[in-house]
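Engineer: Take a look at the letters that make up each chain.
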Amino acid sequence: MTADVLDVAERMDPEELRDAARRLLADQVDRRAVLDAPGPESHGALFGEMANLGWLLLTAPAARGGLDQSFEALAPIYEEMGRALSPAAIASTMAAVDMLRAQDDGPGAELLDRIIAGEARVAIAFTRAAPSTLPQTISLVPGGTEATDLLLLPEAGQGQAALFDLRGPGVRIEQVETWDRSRFFADIHLDTAALKPLQVAGEIGRAHCDLAIAWDCIGGAQQALDEAIAYMGTRKQFGRPIGSFQALKHRAADLKVGLEVARALTQRATAAFAERSGAWADLAGQAHLLAVDSYRAITEESIQFHGGIGFTWEHDCHLFLKRALMNEVLLGTPEQVRDRVAPGILERALKR
Amino acid sequence: MTDRVEALRSELRTWLAQNVPAGWRDRQQGDDIEGFLASQREWFARLVAAGYATPHWSPQWPGGGRSLAEQVAIFEEIARADAPRMSLFFVSLYHAAMTLQEWGSEAQKARHLPAITKGEIWCQGFSEPNAGSDLASLRTRAERKGDRYIVNGQKIWSTLGQFADWCLLLVRTDSSGPKQAGITFLLMDMRSKGVEARPIRQITGDEEFAELFLDDVEIPVENLVGPENEGWKVAQTTLSSERGLTLVELTERMARSLWSLVELATSVGEELGRIDDEARRRIVDIASRIEGLRAMIAILMARRIAGQEGVGDASMIKLAYARIARDFTSLGLRLRGPLAQRETRYVLGAGYETGNWMFDFMNSYQYNIAGGSNEIQRNIISERVLAMPREKSA
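Keeping their order, the protein sequence lines are chains A and B. Here the first sequence is numbered in my numbering, starting from 1 and rising by one per residue. Here the second sequence is numbered in my numbering, starting from 1 and rising by one per residue.
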């Protein structure tokens with residue numbers, strides 16, 4: 001246990017949070033709307049609605065006006081956002097809350113207060129370079145178009161972090177056109193002289209982002225698989241529903257098992273992270289790995305399961321595939337994640 | 001209740017530290033079958049005496065009456081201590097004992113259960129050459145003549161059947177109705193006239209299974225379990241008797257044996273940082289899948305303990321385990337390179353993680369084929385979990 005882990009206040013029911021998320025997202029997300037109007041305006045009020053539901057306060061410290069919940073309160077929300085292909089995201093902002101919650105003064109504390117007041121949205125980028133040697137452009141920053149602040153973290157979570165005020169002078173934010181249109185990404189050009197070095201527990205932000213991606217994948221993978229199974233139950237060829245053919249059923253079964261293994265690991269990693277127990281940082285990375293792998297496998301196969309219709313722009317299969325492929329490389333490629341968690345895993349294995 | 005489990009764990013750790021035969025792997029390396037049988041008997045006797053062999057039996061039996069959570073703890077601790085498996089006695093303790101406790105007559109229980117704790121060995125006579133995945137199509141015939149059944153037919157894949165004293169036997173007593181009806185469950189004394197058990201040599205060279213040839217074997221009617229023609233129902237008890245504990249144990253053993261992969265990949269003496277990138281990444285993948293599987297098993301066992309098991313849960317775990325076992329051993333085999341090809345001595349009864357990579361890789365097929373092949377599990381998962389349309393079957 002580290003000092004910044006709170007004694008969690010009365011635990012909110014994750015299933016109630018899930019229901020609330022499901023209702024909001026069902027009401028507000030039109031997953032095809034972004035195809036024609038790929039920009040933050042396509043989902044106008046969604047982020048504000050999330051803030052209205054108090055999601056930004058969930059894990060903030062009570063002393064600052066937060067609800068003192070653990071990551072287990074956010075997990076079902078992230079999963080539902082993945083399922084709904086939500087264009088609005090809160091994960092980077094919430095990762096910042098986790099990292100900053102122990103700070104009482106300085107720029108970190110000030111940012112935390114602005115988040116709690118609903119005035120700040122944070123984008124996070126991971127980088128291998130030391131902040132002072134950073135390039136002028138940070139590319140493909142998720143949520144960068146709407147962020148007020150940019151938090152730069154070292155790739156593996158440890159080392160010097162930096163904070164940029166994106167509302168200040170010398171910053172140019174450019175929305176990037178990406179294959180995945182279900183969320184928005186930006187190239188951020190900045191004057192590195194404007195950075196504020198920041199002492200934060202970067203590995204906590206790293207694990208938060210790993211798990212947010214993992215849950216986004218689990219939710220999306222489940223939805224994509226559900227839709228493919230439903231389609232195979234109704235589509236008939238040779239006088240039978242194609243879902244009765246073993247060639248398809250067996251692949252679906254393998255995908256389901258891969259998803260359930262990933263889900264179980266993500267649950268375990270979530271509990272470990274919430275309590276900061278065991279090898280929580282490595283477990284979060286491992287959950288990230290299995291979850292992106294399952295999401296990619298399911299969305300790749302889903303198009304094949306659908307046949308020709310799955311290859312069309314009109315059908316939703318590609319929305320999931322594109323989000324899955326973006327998730328796979330967002331905030332670290334699978335090989336980078338493997339290299340990050342390998343030392344701990346190998347060392348513990350040798351201890352028997 | 002958690003306290004009870006934790007107390008049991010700490011008691012077990014102490015006991016295991018004192019009782020796991022030191023250097024058992026070394027002694028069994030390349031040992032002959034007599035040596036294997038002797039060490040199995042010795043280990044089994046120790047477990048029985050300490051009360052750890054029969055936690056799943058009903059409370060009136062010594063060592064019985066333990067909760068499922070306690071049974072899980074026993075298997076986990078045995079695996080973590082790298083103790084020998086109970087291969088030779090597993091069918092006796094689980095399949096035979098659980099079937100008898102649920103369906104057996106008082107006389108059958110009194111005759112067989114104490115004998116099992118004293119080391120009587122049971123095998124299973126279920127599969128036949130033409131009834132594998134489609135078990136209910138079995139054709140071994142039993143005809144009732146007075147107070148005995150006369151049995152003719154052939155059974156296959158009886159685990160260690162060549163050493164068994166008794167056999168749980170499925171026979172056909174009626175062919176007129178649907179195939180599941182007309183099956184009867186009998187207890188067969190392996191010393192009966194007309195029983196011949198021939199070991200089957202596997203691709204590993206090991207002989208862990210037997211074929212049984214039954215030629216006019218006489219079985220007394222008092223050895224009938226459950227009603228005649230209702231043996232299929234009895235067999236379901238047998239087939240579900242181990243309640244997932246085998247996979248609890250095997251998965252713990254696999255997680256523990258990750259070290260052997262790491263040691264292989266680093267080669268002794270080299271620093272972890274010098275391991276080849278590709279090997280290290282593949283080990284991370286295997287380690288992550290094992291950890292996911294452990295988490296999945298923990299969820300399943302918790303549901304089982306709460307009486308809320310989901311349809312098809314067990315099939316998903318079986319399939320996940322089988323695939324990981326194959327990939328795990330396949331990776332070890334590749335890392336070991338040409339050396340693996342000349343290491344032909346192996347440890348009997350250690351599970352698949354003997355450290356002999358060629359043996360372990362070949363043996364991993366067992367988990368992909370036995371106990372419902374991967375294909376059968378995929379049928380179950382797709383039809384019962386995913387509710388995909390059924391195929392017409394004969």
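Worth flagging that the hints you see were computed from the coordinates, not collected in a lab. Among the clues, some could well be false.
Incomplete in silico selection of chain A near chain B, CB under 8 Å [to be verified]:
1. A33
2. L35
3. Q246
4. A247
5. A264
Computed footprint of chain B on chain A; a stretch qualifies when at least three of its residues, placed anywhere within it, have a C-beta under 8 Å from a C-beta of chain B [what the hints assert, rightly or not]:
6. 85 to 92
7. 105 to 115
8. 315 to 322
9. 329 to 343
For glycine and all other residues, C-beta sits at the position ideal for the given N, C-alpha and C.
Engineer: State for each hint whether it applies.
Structural biologist: The hints, checked one at a time:
1. Nearest Cβ of chain B to the Cβ of A33 of chain A: about 30 Å, over the 8 Å cut. The hint is violated.
2. Given the 8 Å rule on beta carbons, the hint for L35 of chain A is violated: about 29 Å separates it from the nearest Cβ of chain B.
3. Taken as an interface hint, Q246 of chain A checks out: its beta carbon lies about 6 Å from the nearest beta carbon of chain B, inside 8 Å.
4. Hint on A247 of chain A is violated. Least Cβ distance to chain B is approximately 11 Å, over the 8 Å limit.
5. Against a cut-off of 8 Å between C-beta atoms, the interface hint on A264 of chain A holds, since the closest Cβ of chain B lies about 4 Å away.
6. Taking a C-beta to C-beta cut-off of 8 Å, the segment 85 to 92 of chain A contributes 0 residues in contact with chain B, too few for the three needed, and the coverage statement is violated.
7. Residue count for the segment 105 to 115 of chain A with a Cβ under 8 Å from a Cβ of chain B: 0. That is fewer than the three needed, and the coverage hint is violated.
8. Taking a C-beta to C-beta cut-off of 8 Å, the segment 315 to 322 of chain A contributes 0 residues in contact with chain B, too few for the three needed, and the coverage statement is violated.
9. Coverage of the segment 329 to 343 of chain A by chain B holds [criterion: at least 3 residues with CB-CB distance below 8 Å; count 6].
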